[in-house]
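Whenever a hint applies, use it, and build me the whole structure from the sequences.
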Amino acid sequence: MSIIKIENLKKTYDSNGIAVNALRGINLKIENGEFSAIAGPSGSGKTTLLNIIGGLDKPTSGTISLSGEIINDYNPTKLSDLRLNKIGFIFQAYNLIPVLNAIENVEYVLLLQGIGSSERTKRASNILKEVGLEKEMNRKPAKLSGGQQQRVAVARAIVSEPEIVLADEPTANLDQDTGSALLDLMHELNKKKGITFLFSTHDVMVMDRSERLVYLRDGIIAEDKTK
Amino acid sequence: MQERITTTLAWRNVWRNKRRTVLTLLTILTGCTMIILLNAFAKGGHDQMIEDAVAVNAGHIQIHEKGFWENRTIDYAFKDETDIEEILNDLNIKSYSKRILSAGLLSHKGNTAGAVIQGVDPEKEITVTNINTKILPGGRYLKESDLDQILLGETLAKNIDAETGSKISMISQGFDGSIAARQFEVVGLFRTGNSEYDNTLLIMPFKQAAEVFTMMGFINSIVIRADEISSINTINQNLKELLSIKSDSDFEIMGWDELMPELVQFIVMDDISAYIFDFILFMVVAFGVLNTIQMSVFERTRETGIMLSIGTRPSQIVKMIMFESVIIAVIGIALGLLIGYSLSYYFQINPLDYSDYTKEMEVWGVSTTRWPAEATLLNISVTALITFILSFVFTIFPAKRASKLNPIEAIRQL
Numbered sequence: 037m038s039i040i041k042i043e044n045l046k047k048t049y050d051s052n053g054i055a056v057n058a059l060r061g062i063n064l065k066i067e068n069g070e071f072s073a074i075a076g077p078s079g080s081g082k083t084t085l086l087n088i089i090g091g092l093d094k095p096t097s098g099t100i101s102l103s104g105e106i107i108n109d110y111n112p113t114k115l116s117d118l119r120l121n122k123i124g125f126i127f128q129a130y131n132l133i134p135v136l137n138a139i140e141n142v143e144y145v146l147l148l149q150g151i152g153s154s155e156r157t158k159r160a161s162n163i164l165k166e167v168g169l170e171k172e173m174n175r176k177p178a179k180l181s182g183g184q185q186q187r188v189a190v191a192r193a194i195v196s197e198p199e200i201v202l203a204d205e206p207t208a209n210l211d212q213d214t215g216s217a218l219l220d221l222m223h224e225l226n227k228k229k230g231i232t233f234l235f236s237t238h239d240v241m242v243m244d245r246s247e248r249l250v251y252l253r254d255g256i257i258a259e260d261k262t263k
Numbered sequence: 012m013q014e015r016i017t018t019t020l021a022w023r024n025v026w027r028n029k030r031r032t033v034l035t036l037l038t039i040l041t042g043c044t045m046i047i048l049l050n051a052f053a054k055g056g057h058d059q060m061i062e063d064a065v066a067v068n069a070g071h072i073q074i075h076e077k078g079f080w081e082n083r084t085i086d087y088a089f090k091d092e093t094d095i096e097e098i099l100n101d102l103n104i105k106s107y108s109k110r111i112l113s114a115g116l117l118s119h120k121g122n123t124a125g126a127v128i129q130g131v132d133p134e135k136e137i138t139v140t141n142i143n144t145k146i147l148p149g150g151r152y153l154k155e156s157d158l159d160q161i162l163l164g165e166t167l168a169k170n171i172d173a174e175t176g177s178k179i180s181m182i183s184q185g186f187d188g189s190i191a192a193r194q195f196e197v198v199g200l201f202r203t204g205n206s207e208y209d210n211t212l213l214i215m216p217f218k219q220a221a222e223v224f225t226m227m228g229f230i231n232s233i234v235i236r237a238d239e240i241s242s243i244n245t246i247n248q249n250l251k252e253l254l255s256i257k258s259d260s261d262f263e264i265m266g267w268d269e270l271m272p273e274l275v276q277f278i279v280m281d282d283i284s285a286y287i288f289d290f291i292l293f294m295v296v297a298f299g300v301l302n303t304i305q306m307s308v309f310e311r312t313r314e315t316g317i318m319l320s321i322g323t324r325p326s327q328i329v330k331m332i333m334f335e336s337v338i339i340a341v342i343g344i345a346l347g348l349l350i351g352y353s354l355s356y357y358f359q360i361n362p363l364d365y366s367d368y369t370k371e372m373e374v375w376g377v378s379t380t381r382w383p384a385e386a387t388l389l390n391i392s393v394t395a396l397i398t399f400i401l402s403f404v405f406t407i408f409p410a411k412r413a414s415k416l417n418p419i420e421a422i423r424q425l
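Residue numbers (our numbering), protein chains in the order written: chain A, 37 to 263; chain B, 12 to 425.
Calculated from the structure, these hints are not laboratory results. Keep in mind it's a predicted model, so treat the numbers as computed, not measured. Glycine residues also receive a C-beta, built at the ideal position from the N, C-alpha and C atoms. Check each hint, because a few of them may be wrong.
Said to hold, decoys possible - Here are the in silico distance ranges between beta carbons for each label pair: (1) Ile291/B x Lys165/A: 53 to 63 angstroms; (2) Lys171/A x Met306/B: 29 to 39 angstroms; (3) Asp50/A x Arg31/B: 29 to 39 angstroms; (4) Asn417/B x Gln149/A: 17 to 27 angstroms; (5) Arg31/B x Gln149/A: 29 to 39 angstroms; (6) Tyr49/A x Val393/B: 33 to 43 angstroms; (7) His238/A x Asn417/B: 21 to 31 angstroms; (8) Thr18/B x Lys65/A: 35 to 45 angstroms.
As the list claims (entries may be wrong) - In silico DSS-like cross-links for lysine-lysine, where the CA-CA straight-line distance does not exceed 27 angstroms: (9) Lys330/B x Lys114/A; (10) Lys94/A x Lys415/B; (11) Lys178/B x Lys135/B; (12) Lys411/B x Lys122/A; (13) Lys135/B x Lys114/A; (14) Lys122/A x Lys135/B; (15) Lys94/A x Lys411/B; (16) Lys411/B x Lys114/A.
Claimed, not checked - Computed list of chain A residues with no C-beta within reach of chain B, every gap over 10 angstroms: (17) Asn57; (18) Gly90; (19) Asp93; (20) Gly98; (21) Gly104; (22) Asp117; (23) Asn121; (24) Pro134; (25) Asp239; (26) Arg248.
Quick look at the structure:
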């Protein structure tokens, strides 16, 4: 069964009274364990598509299913629970909670899931060790470099072992070496833990490393290539 | 479990902008302190006014023949029976004093003036009132042995050009309808600060009044002093029941509030202005909290978007923000109560002295010159409760708004 199934998905924005068709009929299936990227130029609709998959935005029409469940009509609480239990997010701007340190940021998701203290700390510290941040666990985001913050974001996204991790331009704010190391890390987690990764990117390096590339242009899939 | 992260985040959010939090705490603290102090002064001042007014002449409770208070003539009198004394002795009161009351015309050096004549037992009277402390220098209070000696209100004496040592004439009507006329020696002038008493009152020994007015064992009033002002209603109730059982006379039993309606009016007016001021202070506190939470929520729009996007429920966002408000409110209220109570206690021990304004207060029939504060448990708890509820209620709107943020739009905020 496909982990993500999208049928005839359309999204129209109202921009100062003008209707903008961000997505114009997307049909897409993402299988479990894929390491895929949605690419395309700015304004092609890749981030909009990723946000709709993650339940952060609503489509104008069409259906979207996650693990066989149509999520179009979920209310805000149900969408929060879906994001908490099935989806991990990595954002371009890291988006960590500034008042919490690295391990607390990672633990936050587990706390929301109601996981006990010792289990939570064990899992959060293990995952931070896996991403190479065992010495930075007690530092607040402001005391971490961009690459380190993005590693914490990756750790937060995967600590609850979600079915899919959605990463919006995860390397955009990182230098070449840091971005490459981060991709290595995510690829390793994909292979080791079987977590599905779906990127939205226009970074050539991400496109090269992805096993499947879905290319969007003007809100429709122009090319869908599995390597 | 999830409450822990809510409280942890709330606590850290409260202190991330220390200056703003401290300013909000100061707003709540100052508001609570001022409300407690204001209400403590109102309570302490009013109690003092009542005590002062009661102590000058009126007493806490008066017993009359029914109809006396409306007509104020000597004709409304009741038999001075031992049954009544037994009832009074059984009640939990401080003391009582019998009075004969009449009106008459005074004359001295060709000047005349109307007067309210009060016959009192000199010894018993000063257990109910403090008139003996109001005698002006050069005069003295009445003695048990006095007969033709009287006391006059300062202004009344001035109106007939009398002074201590003057001989004045009085003419009135006796209880039996006869003419009551006598010459008296003024042994003292009194100044109570209450213009009604100072302008019209003549005080003479009870024995003399009984004879001059041919009272035949009747009296017009019994004035009672209670131990505490709070026990007046109970005493009043008990008196009504016992007097109706033991005596054939039809009595009217009046508390200080019925005897001095002008004082009640003053207290009510003062209370209303205090409530208006309380309301303004409560609103200042509430909008202070609202402003802080609004600013804090606005600054964290992006962060709230992140929290929502990684699976925080909208209700958890509401809880976190409400908890922030609770933290600020509880600390502010606790400090406000502490300072408010301490200041009230200080002014309870060291009352404000406004003897410079005695003339203005006389207009209201009040002779109080010391204004103590008295912080009651009710005042403190109501202040704390209203401040807490207002802080809580005024946080609901920004908290709800934050919980309804669109995560994507929120994350895009700088």
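Checklist entry - Broken hints, numbered, in rising order? => result 6, 13, 14, 18, 19, 22, 23 and 24
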